[in-house]
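Numbering of the sequence shown is given in the numbering used here, commencing with residue 24 and proceeding in unit increments.
Mixed in with the good hints, there may be bad ones.
[Claimed, not checked] Once the Cα atoms are required to be at most 35 Å apart in a straight line, the calculated DSBU-like pairs of lysine-lysine come out as:
no., residue 1, residue 2
1, 128, 99
2, 134, 93
3, 93, 128
4, 43, 131
5, 43, 93
6, 131, 93
7, 131, 99
8, 99, 134
[As the list claims (entries may be wrong)] Using C-beta positions, here's what the derived DEER-type ranges look like:
no., residue 1, residue 2, range
9, 147, 102, 16 to 22 Å
10, 45, 141, 41 to 47 Å
11, 127, 76, 32 to 38 Å
12, 139, 74, 20 to 26 Å
13, 98, 41, 19 to 25 Å
14, 67, 117, 20 to 26 Å
15, 141, 29, 36 to 42 Å
16, 46, 25, 20 to 26 Å
17, 70, 25, 41 to 47 Å
18, 139, 28, 33 to 39 Å
It should be emphasised that the hints constitute simulated quantities derived from the structure, not laboratory data. None of the values given here were measured: they were computed from a predicted structure. Where a beta carbon is used, it is the ideal one built from N, C-alpha and C, also for glycine.
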Amino acid sequence: CAEWQTALVLLDAMGRAMLKPYIVSHSAAISACANGAQWPRSLWLFTAMSHEVLEPDVISYSAVISACEKGAEWQKALSLLDAMGWAILEVDSINYSAAISACEKGAKWQKALALLAVMGRNGL
24 CAEWQTALVL
34 LDAMGRAMLK
44 PYIVSHSAAI
54 SACANGAQWP
64 RSLWLFTAMS
74 HEVLEPDVIS
84 YSAVISACEK
94 GAEWQKALSL
104 LDAMGWAILE
114 VDSINYSAAI
124 SACEKGAKWQ
134 KALALLAVMG
144 RNGL
């Protein structure tokens, strides 16, 4: 059983045991899916957080943006980066770097350069 599968099984078991879901549990599962080349599952888990009345934090966003980067899903990565601003979360260099890498993998170097410029303006 791959690490991402184990993470999903444990997350499911928490739900069946009626344990309160935590952001950290979801973020860990998102990361495990990303590391297992399962970016669509990472995105699904991130979206599912709102159904469990969990507000994603910077770590959750970092995990899912990294998943998008690994899947070369630059548009989703940029959308999530924008969503962080709407959620009033501080975008850090990790988030920008993952989004830049997603743009690079998607051959969108202009977008990557624009993000680098934003990072510079924000002192990152």
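Status of each hint after checking the structure:
1. 128 <-> 99: holds (13 Å)
2. 134 <-> 93: holds (17 Å)
3. 93 <-> 128: Roughly 8 Å separates the two Cα atoms, so the pair holds.
4. 43 <-> 131: Between residue 43 and residue 131 the Cα gap is close to 40 Å, so the pair fails against 35 Å, i.e. violated.
5. 43 <-> 93: Judged against 35 Å, a Cα distance of about 30 Å means the pair holds.
6. 131 <-> 93: Distance of about 15 Å is within 35 Å: holds.
7. 131 <-> 99: Status holds; Cα separation ~13 Å.
8. 99 <-> 134: holds (13 Å)
9. 147 <-> 102: 16 to 22 Å: Since residue 147 and residue 102 have Cβ atoms about 20 Å apart, the given range 16 to 22 Å holds.
10. 45 <-> 141: 41 to 47 Å: Cβ of residue 45 to Cβ of residue 141: about 31 Å, so the range 41 to 47 Å is violated.
11. 127 <-> 76: 32 to 38 Å: Holds - the Cβ-Cβ distance for residue 127 and residue 76, about 35 Å, lies within 32 to 38 Å.
12. 139 <-> 74: 20 to 26 Å: With Cβ atoms ~35 Å apart, the hint is violated.
13. 98 <-> 41: 19 to 25 Å: violated (37 Å)
14. 67 <-> 117: 20 to 26 Å: With a Cβ separation near 22 Å, residue 67 and residue 117 satisfy 20 to 26 Å, so the hint holds.
15. 141 <-> 29: 36 to 42 Å: holds (37 Å)
16. 46 <-> 25: 20 to 26 Å: About 23 Å separates the Cβ atoms of residue 46 and residue 25, which means 20 to 26 Å holds.
17. 70 <-> 25: 41 to 47 Å: violated (21 Å)
18. 139 <-> 28: 33 to 39 Å: holds (36 Å)
Consistency with the previously given hints fails for numbers 4, 10, 12, 13 and 17, ordered from lowest to highest.
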